[in-house]
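Chemist: Each chain, written out:
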Amino acid sequence: MTKQRKLSYLLNLIGVAVVFAVMTLLFAFQGFGDSTTYVEGVCTTACYTIIMVASLNLVVGFMGEFSLGHAGFVSVGAYASAIVSGALAGKGLSDLALLIVAVLAGGLVAGIAGMLVGIPALRLRGDYLAIVTMAFAEIIRVVFCNLEITGGGRTMSGIPKLATFHSSFWIMAVCVTIMFLFVRSRFGRTVQAIREDYIAAEASGINVTFYKVMTFAISSFFAGVGGALYAHYMTAMIPTNFNFNYSAELLSEVIIGGTGSLTGSVIGAAFLSALPEFMRQFSTYRMLGYSVVLVLVMLFRPGGIFGRWEFSLTRLVKKIAGRGKAKAAAAGALPQAAEKKGE
Amino acid sequence: MADKTTEKKVPVLKAQNLGIQFGGLKAVDDFNIEIGESELVGLIGPNGAGKTTVFNLITGVYKPTEGSFYLCGQRMNGKKTHQIVHAGIARTFQNIRLFKKMTVIDNVKAAMQEHLTYGLPQAIFRTPKYWREEADITKRAMELLDVVHLSGKENLEADNLPYGQQRRLEIARALATDMKLLLLDEPAAGMNPTETEELLEIIDYIRDTFKISVLLIEHDMSLVMKICERIQVLDFGTTIAAGTPAEVANNPRVIEAYLGKPRKEAAKDA
Ligand SMILES: Nc1ncnc2c1ncn2[C@@H]1O[C@H](COP(=O)(O)OP(=O)(O)OP(=O)(O)O)[C@@H](O)[C@H]1O
Ligand SMILES: [Mg+2]
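Heads up: the sequence lines are chains A and B, in that order. According to our numbering, the first sequence is numbered sequentially starting from 19. According to our numbering, the second sequence is numbered sequentially starting from 349.
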């Protein structure tokens with residue numbers, strides 16, 4: 019049993035490493051010709067977008083609450099991390115160490131913000147969270163536009179470029195893995211029970227408000243992590259980057275990928291963040307394209323493309339090896355991170 | 349807490365003068381009950397009598413506007429539902445409320461909050477404690493599914509179970525909370541005679557094995573008469589009779605309010 023588990027972990031680690039190695043090699047040997055650097059950039063974007071979308075899926079897909087202001091938490095993470103890395107720059111930390119500190123700081127501040135927003139909003143039943151999060155994102159944007167430390171409405175630039183494809187990839191892999199483990203623990207089970215029926219959840223001894231706030235804070239934490247990577251990859255940002263459109267985009271990626279499927283979030287985010295980049299000339303139609311896809315998905319696959327299905331490398335390997343598939347399903351391995359990102 | 353002056357055993361459930369008012373409507377008024385250990389008490393009454401409301405009061409869904417209730421001598425008024433569940437009262441619902449899109453076994457596991465103590469870090473690093481506790485509750489959930497005759501269905505989606513099995517799954521989920529008092533809201537509703545018979549066996553088995561008390565709402569009079577030790581009858585929110593099945597069955601007010609009169613009256617009126 020334990021051996022099987024270890025094997026499954028190893029398998030997934032190898033899977034992620036292989037994807038990483040292939041992409042690294044492609045980038046190192048100019049696998050995309052002249053546009054290699056450009057493609058690498060797109061893939062980095064995809065990495066942090068995946069974190070943001072997967073984290074939003076915790077709330078929308080697993081907890082069943084609507085958040086219309088995820089970009090607000092992304093921006094809190096982005097600005098908090100930029101301030102921290104700005105303060106710590108030149109203090110002898112290596113780039114990677116500084117990035118990790120900045121990312122954790124961004125996540126933490128965003129997580130706290132999530133808790134503060136969640137406590138009043140999630141006590142109430144109904145779609146209050148959607149309204150409150152939307153208001154929060156707007157307020158944060160206005161606040162950041164008026165604070166000196168966040169650039170005072172102008173572009174905040176000169177953020178050290180600490181995030182590379184390599185670091186972003188591994189941070190993404192770690193984040194998605196943690197979210198997956200969260201979902202496959204008592205916490206995920208509890209939160210899904212709340213989604214299914216909060217009255218029955220309460221009658222089963224579940225402290226509904228507590229678990230909702232907790233999940234929302236965790237989701238916000240990872241939104242902040244995504245924002246921190248964004249800041250340290252883009253090196254410049256303005257509060258209006260994180261407007262309602264950005265929240266709506268993240269939400270549509272969750273819905274298209276599949277509410278309640280982290281696999282769907284990973285693939286959906288990777289694909290949808292890469293696609294418009296490759297069709298720059300049509301970028302004006304980006305939101306229109308999203309809307310059309312969204313409507314089509316809603317019509318033909320209301321649960322999203324992947325529904326609640328999760329990819330499992332262990333299961334796949336076992337299937338290929340031709341061994342009992344029932345066992346594989348029960349073993350429930352951590353999959354996810356091994357998804358391919360972009361082209 | 350202060351009123352444990354009597355020498356006799358503290359009742360599992362005691363309600364005193366319990367009442368609730370919705371606007372002008374007194375849905376439940378001056379409700380008193382005492383349920384001893386391992387007792388099975390029936391709560392009956394015509395439609396809209398306030399039976400489900402009593403359950404909602406005892407489980408903290410509604411806050412009583414009057415009176416108080418105690419679980420094993422401990423005052424429960426004002427506690428939140430999940431706190432009351434942890435204290436030892438669990439229920440099923442009249443209109444089944446399962447976690448529909450979750451597997452049968454996850455429905456049961458979701459109610460095992462008390463058995464799980466591992467925290468976030470342990471969940472993320474998958475420490476031995478995580479595996480141990482998860483294995484424990486899986487084993488226990490399987491046992492409970494066996495109790496309600498749902499072995500072999502554990503990996504189905506709850507939604508896909510036939511009606512009668514969904515009702516039994518709700519009982520398993522309630523059992524998973526480790527309660528002292530089980531509230532069953534019309535558990536046999538919509539069941540055919542065979543299913544009802546099976547349900548009765550299960551209720552009997554549960555009482556024997558787990559030593560719990562049961563308060564049962566049921567419309568099927570023959571069923572109630574057969575299994576309940578005591579019966580309390582509600583009508584328009586007030587208790588109109590209480591006693592053994594025989595006493596209640598012969599009580600003219602009960603016959604009038606619940607059994608005979610409405611139909612006869614209706615026939616006369618027609
Ligand atoms: N939340 C509420 N707000 C207002 N009125 C309510 C509420 N809940 C119940 N009632 C009223 O209280 C009365 C008792 O309802 P209750 O559901 O307890 O009846 P019941 O005895 O369970 O009936 P049934 O056999 O039909 O299930 C009804 O008149 C109902 O309309
Ligand atoms: Mg009722």
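Errors might be hidden in some of the hints.
Capping the alpha-carbon separation at 35 Å, the derived lysine-lysine pairs in DSBU-like fashion look like this [unchecked claim]: (1) A:Lys21 - B:Lys448; (2) B:Lys374 - B:Lys501; (3) B:Lys477 - A:Lys21; (4) B:Lys357 - B:Lys427; (5) B:Lys487 - B:Lys374; (6) B:Lys357 - A:Lys337; (7) B:Lys427 - A:Lys337; (8) A:Lys337 - B:Lys449; (9) A:Lys21 - B:Lys427; (10) B:Lys374 - A:Lys21; (11) A:Lys24 - B:Lys487; (12) B:Lys411 - B:Lys357; (13) A:Lys337 - B:Lys501; (14) A:Lys24 - B:Lys501; (15) B:Lys449 - A:Lys24.
Hints were generated in silico from the structure; no laboratory data involved.
Chemist: Hint by hint, note whether the structure agrees.
Modeler: Right, here's what the structure says about each hint:
1. Distance restraint check for A:Lys21 and B:Lys448: the Cα-Cα separation of roughly 34 Å lies within the 35 Å cut-off, and the hinted pair is therefore satisfied.
2. Taking the CA atoms of B:Lys374 and B:Lys501, the gap is about 43 Å. The hint is violated against a cut of 35 Å.
3. This hinted pair checks out: B:Lys477 and A:Lys21 have alpha carbons roughly 17 Å apart, not beyond 35 Å.
4. For the given pair, B:Lys357 sits about 24 Å from B:Lys427 by alpha-carbon distance, which is consistent with the 35 Å threshold.
5. The straight-line distance between the Cα atoms of B:Lys487 and B:Lys374 is roughly 45 Å, outside the 35 Å bound, and the hint therefore fails.
6. For the suggested pair B:Lys357 and A:Lys337, the alpha carbons sit about 60 Å apart, so the restraint of at most 35 Å is broken.
7. For the suggested pair B:Lys427 and A:Lys337, the alpha carbons sit about 51 Å apart, so the restraint of at most 35 Å is broken.
8. For a cut-off of 35 Å, the pair hint linking A:Lys337 to B:Lys449 stands: about 26 Å separates their Cα positions.
9. For the given pair, A:Lys21 sits about 46 Å from B:Lys427 by alpha-carbon distance, which is inconsistent with the 35 Å threshold.
10. As the CA atoms of B:Lys374 and A:Lys21 are separated by approximately 62 Å, the hinted pair breaks the 35 Å bound.
11. Restraint check for A:Lys24 and B:Lys487: the C-alpha separation of about 22 Å stays at or below 35 Å, so the hint holds.
12. Between B:Lys411 and B:Lys357 the alpha-carbon distance is near 27 Å, which keeps this suggested pair within the 35 Å criterion.
13. Restraint check: the Cα-Cα separation between A:Lys337 and B:Lys501 comes to about 24 Å, which is no more than 35 Å; the hinted pair holds.
14. For the suggested pair A:Lys24 and B:Lys501, the alpha carbons sit about 29 Å apart, so the restraint of at most 35 Å is met.
15. Simply put, B:Lys449 and A:Lys24 have alpha-carbon atoms about 30 Å apart, close enough for the 35 Å limit, and the pair holds.
Checked against the numbered hints above, the structure violates hints 2, 5, 6, 7, 9 and 10; every other hint is satisfied.
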